Every structure is written in structure tokens, then in C-alpha cells.
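Asks: Sequence:
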Amino acid sequence: TEDRLCETEQPAGGLHFIGKKDELIEAKRSFRTVDGRDILIIHHQGVFYAMDCYCYHAGGTLENGDIEEINGKLCIICPKHKYKISLCEGEGLYRGRNPQEEPPVYRWYSKGVKQRTHTVTETNGEIFVKMSSQPGWIDSDYYQGEKGKIERAKAEAEKDETKKNEKEIKSFLYN
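Going by the numbering used here, the sequence shown opens with residue 518, and the numbers climb by one from there.
Just so you know, not all the hints are guaranteed correct.
Claimed, not checked - Below, a list of computed lysine-lysine pairs in the DSS-like style, where the Cα atoms sit at most 30 Å apart:
#  : residue 1 : residue 2
1  : K647      : K590
2  : K680      : K664
3  : K671      : K545
4  : K538      : K590
5  : K538      : K664
6  : K684      : K597
7  : K687      : K545
8  : K647      : K680
9  : K599      : K684
10 : K545      : K628
11 : K671      : K597
Rather than coming from a laboratory, the hints here were simulated on the basis of the structure. For clarity, every value in this text was computed on a predicted model and none was experimentally measured.
Sequences are here, hints too, so could you generate the full structure?
Replies: Written as C-alpha cells, this is what we have:
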């Protein structure tokens, strides 16, 4: 199959070199910091995608999230809390039902754009990203700022402390 790009328009400047196409295809997922933002570049089924690296919900890294088709859209599933985010638009999806329907049927609904996505383009075997210029606040913006970085660091420290405690308990129980 021919490689495609997830983009709505051809960028006219503001391009940031991300890497060689072949290397990014082989890696499947790559983390980069561009203009001070941590972004994730994904190659999936012949298409390149770019989005903020940290989930809009609680700042979990999306790098190891599974990719599934949900309601006709390819989505990355945040490993931390299983939030579903469309790769192309950054739309948050959830499953719910209307209690006034008889019988109530579960359906997929959109929360709107929650994750900032960026435009990927390829030129002569090189991959470039144009950072999103979508105006206004998008929820994933929080985890790119100072407060979000502090929260991510606290969560990482708590995770490390939990692992340390688990090791101590196992050591106590099995020694």
C-alpha cells in the first residue's frame, strides 16, 4: 500500500524535520520535542500521525497505547485510564447510552477535540511536522505547560514509590 499522511491541508512553512521516513516507519512510534512541545509521531497502516504525547485526561504518555478502530475512526487508547483519542482529529470518544431510549442502546459519542494534533508531511523521504495552529485551549495543552509537567513528575514519583514498596513487601514475604 502507498503511504498516506493524516492531514487536512498542505503546510506552507513552519515545518520541523522529524526524521527519515524509513526510520520512522521501522520505529512505528517516535517521541520528539518540537517548539517546546512533546509530541508523538505514529506510523500505523501506512499513515503518519502526530499529536501531543500526553493524554488530555491525566497526562499519561500515549507512546505505548494500543490503536483500535472505534466507530470508523482509528484511535489510540491511553494505557493509563483507557481514554480513546482519534488519531486524525484528537477527538475524545466515549461509549454511553441515552436513558430515555427504549431500550437504551450503547453508542459511541464524541467529547469534541481534546488532544492537539499536528500536520505531518513527507518530502523526498523525510518527514516533517507543522505544529497545530488551532486557536484556543485544547485539553492536552495543560500537560505541555509548567503545571502539567509538575503533575506528571509527581505521578512518576508516586509510581516509583509504589514499585519500591512492592519490592520491599515481596522481599519481606519471600526471604
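Asks: For each hint, tell me whether it holds in the structure or not.
Replies: Right, here's what the structure says about each hint:
| no. | hint | verdict |
| --- | --- | --- |
| 1 | K647 to K590 | 22 Å, holds |
| 2 | K680 to K664 | 25 Å, holds |
| 3 | K671 to K545 | 29 Å, holds |
| 4 | K538 to K590 | 24 Å, holds |
| 5 | K538 to K664 | 34 Å, violated |
| 6 | K684 to K597 | 21 Å, holds |
| 7 | K687 to K545 | 36 Å, violated |
| 8 | K647 to K680 | 38 Å, violated |
| 9 | K599 to K684 | 26 Å, holds |
| 10 | K545 to K628 | 27 Å, holds |
| 11 | K671 to K597 | 15 Å, holds |
Of the hints listed earlier, those the structure fails to meet are numbers 5, 7 and 8, in rising order.
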